[in-house]
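S.K.: Spelled out, the chains give:
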Amino acid sequence: MAEVAAVVKPKPRPIIRIGLFLISHSLLVSIICCVAGVLTLLLLPVLAKNTYISENALMPGSASPMLSSADASDGHIFLNKIMSIDSISTNTGIEIPEMIGKHIIESGGEVNYHQIQPISDNFHPLQFFLGPDVGIVRENYSCTSYGINTVGIVRAPRGDGKEAIVIVTPYNSVKTTTSEALSLGVAYSVFSLLSRVSWLAKDIIWLAADSRHGEHAAVAAWLRDYYALSRGDLEKNQDMCGASSVLGHELTSVKRNGVSNGFRRAGTMAAALVIKVAERSTGFEKDGLKIYAEASNGQMPNLDLINIVNYLAVHGQGLQVRVEKIWSLLDSWWLYSLGELQELLGKVAKSLNPDWKIGIPASDYVEGCATLASSLYNQALGVPTGPHGAFRDFQVDSITLEFSPRFSSSQRVLFLLHAGRLVEGVIRSVNNLLEKFHQSFFLYLMTSPNRFVSVGIYMIAFALLIAPLPLVAAALFSDASKSKSGKDDVSLEPSHPGESIPTFTAWNWLHTAKTVLIVHLWGAIVTIIPYFLCQFPNSSPLTSLLMWTVSSLVGLFFTCAASGSLSIPRASQLQIREWTLLKAVTVAAAFIGLCLMSVINYATAQIGALLLVPMCLMAVPLRIDVSAKTMKALLHGACNILLVFAGFPPTAFLLLRGALDSFDRVRLDDFWNWTESLRAWNSATYIYICMVHLPCWVLCIRILLHRR
Amino acid sequence: MSRLKSFLLLFLALFSATASVRVEELNEEFTEALLLRPLPDRKVLAHFHFRSSAPPSQRYGRHHRIFPKSIYQLVHKFQVREMELSFTQGRWNYERWGGFDPISSSNAKPPGVELWAEFDVPHDQVDDSWKNLTHALSGLFCASINFLERSTSYSAPHWSFGSASGKLRYGTLPREAVCTENLTPWLKLLPCRDKAGLSSLMDRPSIYRGYYHSQRLHLKSDESDASETSTGIVLEQILTVVLRPETFSEKALQPNWSLSSLFGRSVSGKCSLSSSSNVYVQFEQNLVSAGDKLREVSEASENAISVGEGFQDNPLFELSLLPKRVIRESGNFQKAGSILYEFSVEDSNEFKPFDLRLNWKTPVAWSSPQAPLQASRFLLGSGNERGAIAISMKSTRSTNNVEGTGGYDENECWLRVGIFQMVPWYVKVYYHTLKLFLDGKPQSSMENIEKILVSPSEDKVSTGVMELILRLPCSVHTAALTLEFDKGFLHIDEYPPDANQGFDIPSAVIHFADFVANMSLHENSLKQEPILSKLQEEVPVISYTEVLLVPLTTPDFSMPYNVITITCTVFALYFGSLLNALRRRVSEDEKLLSGKGARKAGPLMLMISKLTAKLRGKPQEPPELSDSGRSSSKYKLIAKVVLVAGVAAAWQFYFQ
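So the protein sequences, as listed, match chains B and S.
In short: position in the first sequence from 1, add 26, done, that's the working numbering.
In short: position in the second sequence from 1, add 24, done, that's the working numbering.
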């Protein structure tokens, strides 16, 4: 009557029963969850919502633009002056800042010059946690090369000066292109208008950033000084390396008022707009506008900022607004067929109930997917897509507006008018804002300029993908402990009477946990190695990459030898099912790593989960597959090898590159350059790759190669 | 003409004589004046000055003819010795509009409301009087001055504001919006309101269109002082506005303006209750010297007369009316001081309104006198955790024209700078982190601090106050002061409306004790005019820094609802399980379970158990999970629901 006894045993609570049920069916559950996760990810363009302006105070477009064609033609004259300066052969990079400064003073603003020096890219592995340093910027400048940012400020006539809006126009002061001059022209026409208007409540800062050392560096240097006690605050007469005399002379001849001898500030920044003009024309009927929003570590500006730009550009100025997309995805047949499938499903659903409006046209779907993929990739990369990224590091919402005009030089004034009116409208809208941006979303993915997926929806895909991990870990663990407890009774107790470690089977996982921990520790070492490699200058990317690989391998060998965990197979029966325990702990570690990463940068975690989850779940020693000698087992083994091959970070990167671009141009040293750029931007993705993905990959290989 | 002039002068002399006699006779007095001054950046400063005085009530009685009753009651009720209330919109631009003259020192105020008052009551009653006063003023001026009542919004400065009696309280409301609703009650205190006299110029749209607008009320009383010398209550009402004349003159030339173009109105006669009603046009020292220079150039060719005497032949500008008199400030050294042209509006009437006009003849650029150090204040750092306040002061010496204030001896010369900084409690300043940088070099701060008084803030009780007197060498170019702070957390109901904007740190007050801003007009008769005597008063040079906006962490204010929901859920779960545990009987459960084992399972259940057994690859076990009778009814229910749903779908599909 064993049955009766089992029945009488008090049954566990329902929630535990569900858990046990799921664990016992972990294989099925993991397959369902993974497939559902990928499907949800593919369905995101369908689930995207239309954007709407959440903050009522913004009121975009409620006032008619004041920028007249006279202002635009002023901007055009300004542009021509810049171009004429640029054509002079003896351009030392001082003339344009001087000219800008002169014009700012004439229009009634205040000017100061900010000197920047190319900063050595220091490696701060954890800087994204700490944020920019508070303190005093005191660096030793040498007079070899420096850029001069020109900063113009309009004080709001009746404002209290607590807040400011920033316009940024990056340009190269040594070699200014027409498009850069155009962006300066736009900024100037807006700035001169704003110096006359009476509705300003926030101060306006125009930063003409000298981009000869990079756009981002110039803006970031200015921002660092803005938020710290800078040289301009501490020293009255900065020596501008010979420029001071020229500047000083030039400016006294203009007017003494308004030129400051130090760093000028204007309150807390409410928003920042970076204005750029694309080199090439779009080839479209209308002038185009491209919005870049991704800042470092996948941070996005408030959605309202994008909304007002989009609204004003489309409804106010009739521009064609785009966000970045991956073009190669646009003509992929499988995506298109998926789109047609969902369109069909949507039609069926609609025929059932006309209120069910799921399903979008297939072409829209493909376009949404391409945009979404680009949005996801850019966020995952953690590298800002423009100079606006520097602002986000200081919690300032900012975007880059890249205009692409239909080029014909006669219509430049018209272009300046349109672009200027858009910028004016956005500034007026932000000016209306009493509080800082907080109403709308901060966590979202764009699928088109006016559609977005919010965090509540895109988290589902990720949650479904990682949900099987703890289940599988628990299932494997219970399997391992069960099988061991079966064997313990028979063999273990008599064979090792003298072993000091108590043979608590439940504690066996600690041993494997040690292994996993050591591999993750090795991951940390791999993270730091490039810092030492950077000490050797003049090494080509390929050699650096090779050195990195070799030193990592050596490091792996030494760590393992030192800990004695990986290389010494203990010939006890304890090791027989060790791989299940190892897999359990690996899967658990991957789960923890992915969860942590999703907090820091969701997109990285999402893409990482796509690679890591199948790899971790499938991993089974190859010997088992080989010894089984069935078709299914061999297929399983092949799948494993393929996943592990594709899961190795360099190959994953190169494959992705090749798939999106073309395989001809893919070179191995691209990977080194890529990781170097990640390091330079202090991206958390780099740390994720080295400290979560790579150790898990190594552990998977370890499982695959496990000796039976 | 000259006859008329002399007659007029005689009349004036007589009038002033009688006026002085009247003062002896204890009488109320009211005067009005307007001072206009062109500013270097194409704007015009208009400074209205109204002064009412009442003799002490012990000798004069309590009934007043001119003096506003509400103010008199205020003074008596709360025993106010001195009080100043200002409503300001916009910022005074110290760099362009000057920071070393009496007008900027005493009339440039921080944005919003600033109130300080000194009481003549025992120390323990001061706070109560302050609270009552704020409420009274709040009602009087239609402003939320009553928010200054809370102890977290005012402070008791020890030496930074005038007297060190300890009976002075100071508070500011940087976010107070200033508009006509504040101006109207202020105008009601004037005997003629804005119906006659100079105040009739105050066309609301024009004066609020300006770049700076500060309406001030200064009260001084020695009522409680019973001695013979007491002067009673003096109420000064001052409105300072900076306007931009709207003209379409060429860019290089300063804009021409007239009273009617500035204000949209003109004066038709004085307020008949006022004893004097004058308009002054002031030209700053630097402008005068620029004019002198210009004349020297032109003198070579023609024989011009000096600016003071022949204003008609002035090379710089032209005034449309003949001034009543020209007052020259006795300049220091060889330089000329500023010049005041005085006009009287008494002759004007409705048919011949007083409309002064200034026309510029040649382009001229000058700069206003600057305070010895130009201060600015800003925040360092970002993030929601901590930050720092920095006050940076830059020497204006290269552009300064006020030498002679104790001749600079580079070696043994010290510049004393007082700083008064009030910080609300949620900005937790660590005063020990005070750092001082002189010319970029960090200093051990004790060396340069002459006197410091810090009263740290107490959470939700009082503000933090720092009063500091720095002793800087005169040769210093820049001085910077930093103070680190932590950002505090507020309770959810302590957040003000629009909390996401951030929180204000009131302006710091920088005062230069060694420097006095006054005009030295040597003629004694000028003391009769209140505005002129005010200009001659020795006031320390004071400047205010910017208001700072500190973004603090703000909760999602829909959070309470989430909390309510979650709490309710937790309660429901708790009570559910509690009831479950209470009403369960173990013996019955066991009976039920054993009975169940005997019962036969439903057919569907059997099928499912077979299926699961197949899936598991284990031999089939009889179903043991639940009450089969109940489950079969459940399945029936589900089947019914599915049936109904299917019928509905088919219906829907059919009627497409």
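To be clear, the hints were calculated from the coordinates, so they are not data collected in a lab.
Hints are not guaranteed to be accurate.
[What the hints assert, rightly or not] Below, a list of computed lysine-lysine pairs in the BS3-like style, where the Cα atoms sit at most 27 Å apart:
#	chain 1	residue 1	chain 2	residue 2
1	B	Lys540	B	Lys508
2	B	Lys376	S	Lys664
3	B	Lys201	B	Lys107
4	S	Lys348	S	Lys484
5	S	Lys385	B	Lys128
6	S	Lys664	S	Lys615
7	S	Lys484	S	Lys452
8	S	Lys348	S	Lys376
9	S	Lys634	B	Lys508
S.K.: Indicate, hint by hint, whether the structure satisfies it.
M.R.: For each hint, the structure was consulted:
no. : hint                : in the structure
1   : Lys540/B - Lys508/B : holds, 21 Å
2   : Lys376/B - Lys664/S : holds, 25 Å
3   : Lys201/B - Lys107/B : holds, 14 Å
4   : Lys348/S - Lys484/S : violated, 58 Å
5   : Lys385/S - Lys128/B : holds, 25 Å
6   : Lys664/S - Lys615/S : violated, 32 Å
7   : Lys484/S - Lys452/S : holds, 11 Å
8   : Lys348/S - Lys376/S : holds, 17 Å
9   : Lys634/S - Lys508/B : holds, 25 Å
When held up to the earlier numbered hints, the structure conflicts with 4 and 6 and fits the remainder.
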